[in-house]
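Chains as they are written, first to last, in our numbering: chain A, 1 to 224; chain B, 1 to 233; chain C, 1 to 391.
Simulated from the structure, these hints should not be mistaken for laboratory data. Here the structure is a predicted model, which is why all the values come from computation and not from measurement. Yeah, the Cβ is synthetic: ideal placement off N, Cα and C, and Gly gets one too.
Restraint ranges, calculated between C-beta atoms of paired labels, are given here:
{"#": "1", "chain 1": "A", "residue 1": "E208", "chain 2": "C", "residue 2": "W375", "range": "51 to 57 Å"}
{"#": "2", "chain 1": "C", "residue 1": "E291", "chain 2": "A", "residue 2": "N4", "range": "32 to 38 Å"}
{"#": "3", "chain 1": "C", "residue 1": "E179", "chain 2": "A", "residue 2": "N4", "range": "42 to 48 Å"}
Pairs of lysine to any residue, SDA-like flavour, derived with a Cα cap of 20 Å:
{"#": "4", "chain 1": "A", "residue 1": "K156", "chain 2": "C", "residue 2": "S28"}
{"#": "5", "chain 1": "C", "residue 1": "K231", "chain 2": "A", "residue 2": "R123"}
{"#": "6", "chain 1": "B", "residue 1": "K191", "chain 2": "A", "residue 2": "E183"}
{"#": "7", "chain 1": "C", "residue 1": "K226", "chain 2": "A", "residue 2": "I120"}
{"#": "8", "chain 1": "A", "residue 1": "K180", "chain 2": "B", "residue 2": "K191"}
{"#": "9", "chain 1": "C", "residue 1": "K328", "chain 2": "A", "residue 2": "R123"}
{"#": "10", "chain 1": "B", "residue 1": "K185", "chain 2": "A", "residue 2": "D184"}
{"#": "11", "chain 1": "B", "residue 1": "K84", "chain 2": "B", "residue 2": "M51"}
{"#": "12", "chain 1": "B", "residue 1": "K191", "chain 2": "A", "residue 2": "H195"}
{"#": "13", "chain 1": "A", "residue 1": "K149", "chain 2": "C", "residue 2": "E170"}
{"#": "14", "chain 1": "A", "residue 1": "K180", "chain 2": "B", "residue 2": "G180"}
{"#": "15", "chain 1": "A", "residue 1": "K156", "chain 2": "C", "residue 2": "D32"}
{"#": "16", "chain 1": "B", "residue 1": "K185", "chain 2": "A", "residue 2": "E175"}
{"#": "17", "chain 1": "A", "residue 1": "K149", "chain 2": "C", "residue 2": "R176"}
{"#": "18", "chain 1": "A", "residue 1": "K156", "chain 2": "C", "residue 2": "E191"}
{"#": "19", "chain 1": "B", "residue 1": "K185", "chain 2": "A", "residue 2": "D197"}
{"#": "20", "chain 1": "A", "residue 1": "K156", "chain 2": "C", "residue 2": "T189"}
{"#": "21", "chain 1": "C", "residue 1": "K328", "chain 2": "A", "residue 2": "E128"}
{"#": "22", "chain 1": "A", "residue 1": "K156", "chain 2": "C", "residue 2": "E170"}
{"#": "23", "chain 1": "B", "residue 1": "K185", "chain 2": "A", "residue 2": "P187"}
{"#": "24", "chain 1": "A", "residue 1": "K149", "chain 2": "C", "residue 2": "I174"}
{"#": "25", "chain 1": "B", "residue 1": "K191", "chain 2": "A", "residue 2": "G198"}
{"#": "26", "chain 1": "A", "residue 1": "K149", "chain 2": "C", "residue 2": "D168"}
{"#": "27", "chain 1": "A", "residue 1": "K180", "chain 2": "B", "residue 2": "P184"}
{"#": "28", "chain 1": "A", "residue 1": "K156", "chain 2": "C", "residue 2": "Y169"}
{"#": "29", "chain 1": "A", "residue 1": "K149", "chain 2": "C", "residue 2": "E166"}
{"#": "30", "chain 1": "B", "residue 1": "K185", "chain 2": "A", "residue 2": "G176"}
{"#": "31", "chain 1": "C", "residue 1": "K328", "chain 2": "A", "residue 2": "Y126"}
{"#": "32", "chain 1": "A", "residue 1": "K149", "chain 2": "C", "residue 2": "D175"}
{"#": "33", "chain 1": "A", "residue 1": "K180", "chain 2": "B", "residue 2": "K185"}
{"#": "34", "chain 1": "A", "residue 1": "K149", "chain 2": "C", "residue 2": "D105"}
{"#": "35", "chain 1": "A", "residue 1": "K156", "chain 2": "C", "residue 2": "D168"}
{"#": "36", "chain 1": "A", "residue 1": "K149", "chain 2": "C", "residue 2": "D135"}
{"#": "37", "chain 1": "A", "residue 1": "K149", "chain 2": "C", "residue 2": "G138"}
{"#": "38", "chain 1": "A", "residue 1": "K149", "chain 2": "C", "residue 2": "Q171"}
{"#": "39", "chain 1": "A", "residue 1": "K149", "chain 2": "C", "residue 2": "Y169"}
{"#": "40", "chain 1": "A", "residue 1": "K156", "chain 2": "C", "residue 2": "L173"}
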Amino acid sequence: MSENYSTGIAGLDAILGELEPGSIMLLTGPPKAGKTVLATEFTYRALQAGNPCLFIAAEYGYRDLQRNTMAFNWFIQSFADKLHVIDLPTGLAGGRPQDSGNVRYSALQNTTDLMVKVGISTRSLYLEEGTMVSVFDSASILLAFNPPKLVMRVLKAYNDRVREAGGIALVVYTEGVAEKDIEDEIPGLFDVHIHMDGSVMSAVRGGEGMEAPYRITDQGVNVG
Amino acid sequence: MIVRVPSGIRGLDELMGGVSIPENTVTLVYGPPKVGKSIFAYGFTAGGAEMDEPCLYISADYGISDLKRNMMVLGMDPESYMEKELLYVIDAISSISGPSRDEGSTYFSSSVHNPTDIMVKLGVAIRNITNRYNMFRSVLDSLTTLMAFNDEMLIVRVLTAYIMRIKEAGGTAMVTYTEGSADPKVETMLKAVVDNIIHLDGSELTVEAMVGTGRFSAPYTIDDSGIRVLHEG
Amino acid sequence: MKKTYIPKLDDLLGGGVKEGASIMFSASPGVDYEAFGYQMLNGRLEEGSAGFIFTNVGEPESIIYEFRSYGWDIESRIENGNVFFVDGSSPFLGMPSDQRYTVNDYSEIKEVVLRAIDDIPGGIGVINNLSVIIDYLGNGETLEIVEAWNRRASELEVNLVYLFTEWDYEQELIDRIRETMDCVVDLRTIEERVIIGQGFMVANSAWSEPPSTMVLFFVVQPGGVKVYVPKILVTGPYNSGKSSFVRAIATKSVSVDRKALSAFPTTIAMDIGHLEYKGFMADIFGTPGQERFDMILDVLSREAVGAFILVDSTAPETFARAKEMIRKTRAEAIPKVVVANKQDLPGALSPEEIREKMKLGAEVPIVPASVTEGWGVMEALDTLLGLIYGG
Chain A
1 MSENYSTGIA GLDAILGELE PGSIMLLTGP PKAGKTVLAT EFTYRALQAG
51 NPCLFIAAEY GYRDLQRNTM AFNWFIQSFA DKLHVIDLPT GLAGGRPQDS
101 GNVRYSALQN TTDLMVKVGI STRSLYLEEG TMVSVFDSAS ILLAFNPPKL
151 VMRVLKAYND RVREAGGIAL VVYTEGVAEK DIEDEIPGLF DVHIHMDGSV
201 MSAVRGGEGM EAPYRITDQG VNVG
Chain B
1 MIVRVPSGIR GLDELMGGVS IPENTVTLVY GPPKVGKSIF AYGFTAGGAE
51 MDEPCLYISA DYGISDLKRN MMVLGMDPES YMEKELLYVI DAISSISGPS
101 RDEGSTYFSS SVHNPTDIMV KLGVAIRNIT NRYNMFRSVL DSLTTLMAFN
151 DEMLIVRVLT AYIMRIKEAG GTAMVTYTEG SADPKVETML KAVVDNIIHL
201 DGSELTVEAM VGTGRFSAPY TIDDSGIRVL HEG
Chain C
1 MKKTYIPKLD DLLGGGVKEG ASIMFSASPG VDYEAFGYQM LNGRLEEGSA
51 GFIFTNVGEP ESIIYEFRSY GWDIESRIEN GNVFFVDGSS PFLGMPSDQR
101 YTVNDYSEIK EVVLRAIDDI PGGIGVINNL SVIIDYLGNG ETLEIVEAWN
151 RRASELEVNL VYLFTEWDYE QELIDRIRET MDCVVDLRTI EERVIIGQGF
201 MVANSAWSEP PSTMVLFFVV QPGGVKVYVP KILVTGPYNS GKSSFVRAIA
251 TKSVSVDRKA LSAFPTTIAM DIGHLEYKGF MADIFGTPGQ ERFDMILDVL
301 SREAVGAFIL VDSTAPETFA RAKEMIRKTR AEAIPKVVVA NKQDLPGALS
351 PEEIREKMKL GAEVPIVPAS VTEGWGVMEA LDTLLGLIYG G
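Use the sequences and the hints to build the structure in full.
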């Protein structure tokens with residue numbers, strides 16, 4: 001659990017390098033740049049390599065996560081015991097979705113409950129073999145359901161939780177949804193900043209970065 | 001393997017190999033005013049009805065009378081669709097100008113001032129539909145009008161709930177929006193919560209995003225049967 | 001005094017909460033605190049009090065469902081009008097609400113809650129939660145509103161129960177909020193890289209001198225908040241003095257038993273004791289030393305909040321086995337203290353020498369001790385408790 005981590009996505013590893021345990025990454029870009037594809041591929045490669053994963057589905061629910069991954073033939077269901085999902089939006093559909101297996105339902109406007117479930121999942125996954133990976137897709141939707149300052153606090157608490165457990169986090173954020181003071185503050189909460197603009201992907205760490213062109217194909221994200 | 005449904009828009013499905021709109025997704029159709037966004041939505045509706053797939057139409061821009069007339073002008077038969085229970089209309093505008101007509105099983109009166117009530121009527125309509133059908137469509141026309149009468153972020157939340165309800169029920173949704181009509185931050189949020197984005201500018205249709213498809217453009221016109229997307233061959 | 005219906009909390013508060021007093025449960029992010037507010041409300045409703053729940057985090061329907069999951073009947077009391085909702089959640093989400101009060105906009109919140117307080121003299125109101133209010137309204141306005149609520153509640157002898165997630169607010173704001181409350185109960189996580197436990201502690205109370213005891217708890221459905229008696233492991237190689245150590249730290253009033261665990265293929269004797277020390281309660285499990293019983297270590301350690309690893313300071317050949325037992329008890333993931341026992345015997349290595357021979361990281365304390373001579377044991381216990389609660 002103290003070894004460095006590689007994402008397993010070829011061109012991305014080339015521009016990102018190895019990640020130390022406790023690295024917290026921000027993934028930004030305009031809508032539909034392919035961030036969700038990257039985030040789900042990141043999840044799948046982590047699971048494939050035997051690592052446990054906590055996926056916070058905020059902008060879409062568990063059902064869509066399954067569908068999105070199946071479209072690329074990434075069968076995350078085969079890693080059910082190492083994949084924890086916290087589904088935030090499905091409760092809005094009106095039913096009362098039941099927690100089942102490692103899939104827990106919370107709400108977009110109950111960030112306290114979200115952190116309780118993050119605590120439960122990180123505790124459980126910490127005991128598994130491998131490096132714990134956590135994906136949050138996306139933090140920007142929280143801004144429609146919570147005051148902006150509170151969203152920042154939640155992000156800090158979430159980042160601290162993953163960092164403390166020595167995991168690797170990937171937080172997806174659609175640029176341009178919040179006031180400038182909030183958007184300017186967000187990158188400061190992260191160690192690594194990956195940006196996708198539709199054709200070029202960049203990865204910046206400690207002021208230094210590399211970039212490469214990318215395309216979304218039916219195999220996933222093709223970088224370089 | 002992505003399952004797709006016919007869009008009902010002439011030329012669009014052909015361009016994409018037979019069927020275009022991914023099933024159980026939400027498509028944003030947006031662009032400047034008067035480029036045919038509502039007409040696009042009518043085509044989507046009629047396309048479903050012709051296949052015996054019902055459509056749940058939330059109409060905030062046009063009351064039921066205008067909606068029916070607009071569709072009839074394009075050669076569609078909304079009266080027949082409603083009789084066959086292939087078209088359900090939540091009319092959010094007529095009540096503003098006068099007393100609402102009787103509600104039947106396919107007509108619901110609501111108000112743009114009361115998005116909560118629109119969602120309540122949505123729930124009832126979904127239950128009616130899913131009692132008899134596995135697949136259905138839904139249109140929300142338009143977000144712009146709802147945002148004109150309510151706090152924009154409230155409508156984003158309501159839209160998120162709408163999307164979750166339609167998806168949970170197995171439907172495929174389309175939402176229209178006038179580009180630039182809301183705060184840019186809200187517009188960006190809209191683009192993030194939908195699955196597919198189609199832009200119309202009056203002469204060119206651009207698929208800016210669609211699950212399993214790359215970006216592409218094609219010219220289009222509006223004739224007396226609705227939108228026609230042009231392509232070679 | 002009004003009972004809180006939270007186990008152990010009434011003891012810590014000198015009997016309960018005073019009539020008309022405000023009480024805030026202030027939780028670190030990650031701690032499950034809703035049960036505290038709901039359990040207090042449920043207990044009072046069963047006594048015959050009236051009450052309300054203000055919510056800005058979940059619709060009334062989902063809260064009613066939570067009550068049902070805890071095994072508490074709130075629905076019939078809603079029907080009788082004994083309890084109602086102040087719904088700040090449904091309008092926000094665009095959902096319908098037929099509750100007695102709705103808050104459509106944060107500008108109304110002060111007046112609406114005041115009306116709710118007026119409805120329930122002698123009753124109990126739960127505010128779930130305060131953090132969201134602060135970040136919508138801003139610090140100054142929220143404080144003024146809370147003060148107004150507390151004043152009205154005090155006049156009408158209504159207990160207001162505030163749920164507050166202590167995100168990274170400025171310390172000054174947190175201090176001022178705490179000052180407006182008659183009683184503050186802190187809910188904290190017990191951590192070792194991840195959350196391994198939760199505890200509550202009364203930080204201050206206007207009507208009593210609360211002891212600084214942390215009570216570990218867990219929340220179950222059904223049931224609610226239950227006091228958690230943690231396990232502390234005492235492990236180490238054979239003959240390192242585990243039995244004597246367990247006997248030394250266990251409270252005199254509870255005898256140490258050698259219990260046979262018949263669920264396992266062979267009969268295994270273990271030292272088990274109960275400890276109450278400085279307000280901390282735990283069950284002590286002395287694990288068997290022989291390798292053939294190692295499978296138990298994994299099972300026991302899943303619920304342990306701390307571990308003592310005893311080593312015989314005169315037997316360096318056993319240090320490797322000690323390290324192996326640390327690994328097998330998953331004691332890597334819980335706070336632990338190495339007790340360098342038998343310091344009284346000739347040839348005993350010093351803690352520094354032991355640390356070097358074991359290649360033990362600096363973060364694990366090594367406490368010298370001689371159980372037979374009776375010293376070092378309390379120091380080891382204080383050290384471990386400091387690790388468990390200190391973070």
